[in-house]
Amino acid sequence: MLKPEASQAAAEAAGGLKGYNFAYLDERTKRIIRRAILKAVAVPGYQVPFGSREMPMPYGWGTGGIQVSAAIMGADDVFKVIDQGSDDTTNAVSIRQFFSKVAGVKTTTHTGEASIIQTRHRIPEQPLREGQVVVYQVPIPEPLRWLEPSEAETRTLHALDEYGIMHVKLYEDIAGHGEIATSYDYPVLVNGRYVMSPSPLPKFDNPKMDQCPALQLFGAGREKRIYAIPPYTSVKSLDFEDYPFHVQRWDKACEICGATDSYLDEIITDDSGTRLYVCSDTDYCAARLAAKDSI
Amino acid sequence: MREIRTRPGLTEPVHGSQRIFKAVLEAVSRPGKLVKVFDLPPSPYAEAAPAGGKTPGRGLTGGMSRGLTALALALCDQDTPIWLDSACDDAETRHHLRFHCGSPLVKEPAGAVFAFVGDATRLPRLHEFSRGMPEYPDCSATLIIRAVLGGPAGERFEFNGPGARDAVCLIQGLPVWFRKSWQDNHAGYPLGVDALFVDDRGAVDPLPHFKILGLPRGVSFESARRPRSYNRENLQCMSR
Amino acid sequence: MYVAVKGGEKAIANAHGLLAEKRRGEPAVPELSVEQVAGQLSLAVDRVMSEGSLYDRDLAALAVKQARGDLVEAVFLLRAYRATLPRFGCSLPADTESMLVERRISATYKDVPGGQVLGPTFDYTHRLLDGTLLERREEPAAGQTVGQTVCQTAGAGHNENEDQEILNAFHGRCPKVLSFLEQEGLMHTEAVPDHDPEPGDLSRQPLAFPAGRAVRLQNLARADEGFLLALAYSSQRGFGSTHPFVGEIRMGEVDLDFLPEELGFPITIGSVFLTECETVNKFSGSDGQGARFTRGYGLSFGENERKAMSMALVDRALRAAELGEELRGPAQNEEFVLYHSDNIEASGFVQHLKLPHYVDFQAELELVRALRRGCDGARAADGNGESEARNA
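Residue numbers (numbering that gives the first Met the number 0), protein chains in the order written: chain A, 0 to 294; chain B, 0 to 239; chain C, 0 to 391.
Worth flagging that the hints you see were computed from the coordinates, not collected in a lab. Some clues are possibly wrong.
The list that follows gives simulated cross-link-like pairs (lysine-lysine, BS3-like), each with its CA atoms no further than 30 Å apart [what the hints assert, rightly or not]:
no.: 1; chain 1: A; residue 1: LYS168; chain 2: A; residue 2: LYS235
no.: 2; chain 1: A; residue 1: LYS17; chain 2: C; residue 2: LYS281
no.: 3; chain 1: B; residue 1: LYS106; chain 2: A; residue 2: LYS235
no.: 4; chain 1: B; residue 1: LYS35; chain 2: B; residue 2: LYS21
no.: 5; chain 1: A; residue 1: LYS207; chain 2: C; residue 2: LYS353
no.: 6; chain 1: A; residue 1: LYS100; chain 2: B; residue 2: LYS179
no.: 7; chain 1: B; residue 1: LYS179; chain 2: B; residue 2: LYS32
no.: 8; chain 1: A; residue 1: LYS235; chain 2: A; residue 2: LYS251
no.: 9; chain 1: C; residue 1: LYS9; chain 2: C; residue 2: LYS109
no.: 10; chain 1: C; residue 1: LYS9; chain 2: A; residue 2: LYS105
no.: 11; chain 1: A; residue 1: LYS105; chain 2: B; residue 2: LYS32
no.: 12; chain 1: A; residue 1: LYS207; chain 2: B; residue 2: LYS32
no.: 13; chain 1: A; residue 1: LYS168; chain 2: C; residue 2: LYS9
no.: 14; chain 1: C; residue 1: LYS109; chain 2: C; residue 2: LYS281
no.: 15; chain 1: A; residue 1: LYS105; chain 2: B; residue 2: LYS179
no.: 16; chain 1: A; residue 1: LYS100; chain 2: C; residue 2: LYS353
no.: 17; chain 1: B; residue 1: LYS21; chain 2: A; residue 2: LYS17
no.: 18; chain 1: A; residue 1: LYS105; chain 2: A; residue 2: LYS235
no.: 19; chain 1: B; residue 1: LYS32; chain 2: A; residue 2: LYS235
no.: 20; chain 1: C; residue 1: LYS9; chain 2: A; residue 2: LYS100
no.: 21; chain 1: A; residue 1: LYS17; chain 2: C; residue 2: LYS109
Please read these numbers as outputs of a predicted model, since none were measured by experiment.
Working from the sequences, and respecting the hints, build out all of it.
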């Protein structure tokens, strides 16, 4: 069995934090998480229970994503963290600093350069490629939780492939509002079998998950669940033939880079409520701006 | 009883485990793709040839090979009961796994979380291993099988399923019933065993390595499953 | 371009600096030492050890100091540290009958073998603020330690030396009050499950339902004291009544033994201070085995009587299903109790709402605007229809 000192020595050799294991977690915990990830990939969309640990950040701050990242990370990885699409939000900064401290890995803000992208609430606009891993921070992994609070019940519903309550809910939306009134955390069907929560992504990002060349891993620390979508896997947003799934569109362009195809944040700029729209994905926005400047 | 000398594990336990795991993850995510690994620990046998050696030792000709050992060291611990096939089940391997992994060894395939199969021709039928439960399909066995992968000879398998894209692989050394038995395993999805094939012919190369091929339960050797789609007509029967 | 939550790196560094200043407080006042916290705020330290599920007074005191007295934050610090520790093995079950009791009372019998020992309790204090504590006083001279008094009807009028003799007589073995009911065959016997499996460990395996009593008790032992107190209280007020009597509360030092495989015999590795509570609950015997008493069990690190009692009440309430009782309150709902008892999980998830959510909010904003447009459009169309009808 591995002695803790070996791991700590490895952490220091890799430029990590003295006194802590490489990537913070001890090797035994990493193995638990790694095995859960492998089963999650083998059964796409199914939530694998795992022995989640207390991390040095609070639950709700991305502990599931952090544990998944720590379990898969190697010394050669290049790590990017986004929160709300941005590399510069406080929690993204904090998680990035954590890994550069405990694992000594290279970090980046460029989507294309990263081998692991940990994210909360967004998928980058730049298409992902083979070999990349996206790690999602998940608050509530159970897509049926709002309809059925009991874990024992929802687990049975998944086992029986019985998703009637979800379709009834979506149908009632249509009856009441004329459309499906879910704008984020919009449920998807993975590989034709499991209904899955895409974490609270705006539904704008749902189509990016379908047949994605990158591996997608989802970690819920407080709820102690891991799930996955392997590359090139069918991910279908639930809908009805006469009410097909559609995504948000803006009739505005990004104020900074002029993009019309990206997800836009609305910013109130003065007391009279003047609004400004800018790309939520700051790396995408900056890259477009740089390309314009270089022409 | 002869004394067994403890053999070393991975040269770099932390980073080696990570690299081996990452390769397994890649193999399981992209079924049909051969993934190379360069972290090759010694086999459990004292007489095994060192890396690059010319005399094939026990771990090269049979038994718990260096590739199988690598996966055991990277993935197994006290929480994972291991089943060894007759080719791997010897005093050296038992000692090696107990010492490095602390894993309990089980006599029956049904109790295993990981099964190591050194001789694929004598693979037990797949239904003898744990397939998981409807509520917990993750509680199923992972079979780690030594085979010759990617030719030149072998049976041709077409991989269809999540992560598999135009994937075809030659696998040599499997029993004749394997294809049919695997299709039965796949038909029970989401229950079923997952398999990893290991080819460590490369252990004697100047740059010693081994290859992994992933075969998760979602993969079919026949053409792809069509993802089911819902419409409002079948809503009624679903909501019952 | 101004974006509120961006440019975080410097803001975080400054926040940490301010926090350190706040923690230190007025610089002219001497700094608290960890020894002072451990010695003089010992009940805070006990609570942090219990809910942090790590028995280490110094580290718990450090956590209390570092957390500026926020006990849930201190529990979190201790838990996060605990998660990095290697696990060498499990001790043998602690034998609380061999406890060196510092306090031991029963509410079900006037007198019990071993006597009732009041110990250091707030129970009979008058809650009057003590102005003398405002002043820094001289350290007490050596040898002023207060002795214990045993209340035992048989020995009324005995002196302190006799008290000590009674205590000494039972030191090493102080019988459990509930054992007298067991001898009489009036206690529900706890069936050992087949093959007597190792208890689960929540710090390594996630909860699954039904959880089983061993896992439930571990969950309750780590649970937030306030949450358990409220649940226990609710069960007393009719939301799943269990009619408890306190059979016994005892607190004191208990030895912990460990059995190393290579030695083959147990060795004592240390002692822990524990508070244990056993309640006696009437049970009508709806399972056909006749009326008898059932047990609720509570155990906590340190002096933690409120926690141990609340735990015992909630433990008993959670046994409703296995005993075939009607489920009438949240305290009897296993999923509800076990999933929401952990204050580290709860505090994190409640407080994560202050992290930015503007991407999802933007999605909701667009949706609500679209729904409103649809609704207003329909209303306008209805309005036109009406006026046309009137004109016709």
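Here's how the hints hold up against the structure:
Between LYS168 of chain A and LYS235 of chain A the alpha-carbon distance is near 17 Å, which keeps this suggested pair within the 30 Å criterion. About 57 Å separates the Cα atoms of LYS17 of chain A and LYS281 of chain C, which puts this hinted pair outside 30 Å; it is violated. At roughly 43 Å between alpha-carbon atoms, LYS106 of chain B and LYS235 of chain A are farther apart than 30 Å, so this suggested pair is violated. Between LYS35 of chain B and LYS21 of chain B, the direct Cα distance comes to roughly 11 Å. Compliance with the 30 Å bound is thereby established for this hinted pair.
For the given pair, LYS207 of chain A sits about 28 Å from LYS353 of chain C by alpha-carbon distance, which is consistent with the 30 Å threshold. With a CA separation close to 51 Å, the supplied pair LYS100 of chain A and LYS179 of chain B exceeds the 30 Å bound. Taken as a hint, the LYS179 of chain B and LYS32 of chain B pair is honoured in the structure, with Cα atoms around 21 Å apart against an allowance of 30 Å. Under the criterion of a C-alpha separation no larger than 30 Å, the hint pairing LYS235 of chain A with LYS251 of chain A is consistent with the structure, at around 28 Å.
Restraint check for LYS9 of chain C and LYS109 of chain C: not satisfied, since their Cα atoms lie roughly 65 Å apart, outside the 30 Å limit. Using a Cα cut-off of 30 Å, the hinted pair LYS9 of chain C and LYS105 of chain A holds, with the two alpha carbons roughly 20 Å apart. This hinted pair checks out: LYS105 of chain A and LYS32 of chain B have alpha carbons roughly 28 Å apart, not beyond 30 Å. Straight-line distance between C-alpha atoms of LYS207 of chain A and LYS32 of chain B comes to about 23 Å, which keeps the hinted pair within the 30 Å bound.
The straight-line distance between the Cα atoms of LYS168 of chain A and LYS9 of chain C is roughly 45 Å, outside the 30 Å bound, and the hint therefore fails. Taking the CA atoms of LYS109 of chain C and LYS281 of chain C, the gap is about 19 Å. The hint holds against a cut of 30 Å. Distance restraint check for LYS105 of chain A and LYS179 of chain B: the Cα-Cα separation of roughly 47 Å exceeds the 30 Å cut-off, and the hinted pair is therefore not satisfied. A threshold of 30 Å between alpha carbons decides the hint, and for LYS100 of chain A with LYS353 of chain C the separation of about 25 Å falls inside it, so the pair holds.
Pair hint LYS21 of chain B plus LYS17 of chain A holds up; C-alpha atoms about 25 Å apart against a cutoff of 30 Å. Only pairs whose Cα atoms come within 30 Å are accepted, and LYS105 of chain A paired with LYS235 of chain A is rejected, the gap being roughly 34 Å. For the proposed pair LYS32 of chain B and LYS235 of chain A, the alpha carbon gap of about 25 Å is at most 30 Å, so the pair holds. Among the hinted pairs, LYS9 of chain C with LYS100 of chain A is consistent with the structure: their alpha-carbon atoms are about 17 Å apart, no more than 30 Å.
The straight-line distance between the Cα atoms of LYS17 of chain A and LYS109 of chain C is roughly 59 Å, outside the 30 Å bound, and the hint therefore fails.
Hint check: violations occur at hints 2, 3, 6, 9, 13, 15, 18 and 21; the rest are consistent with the structure.
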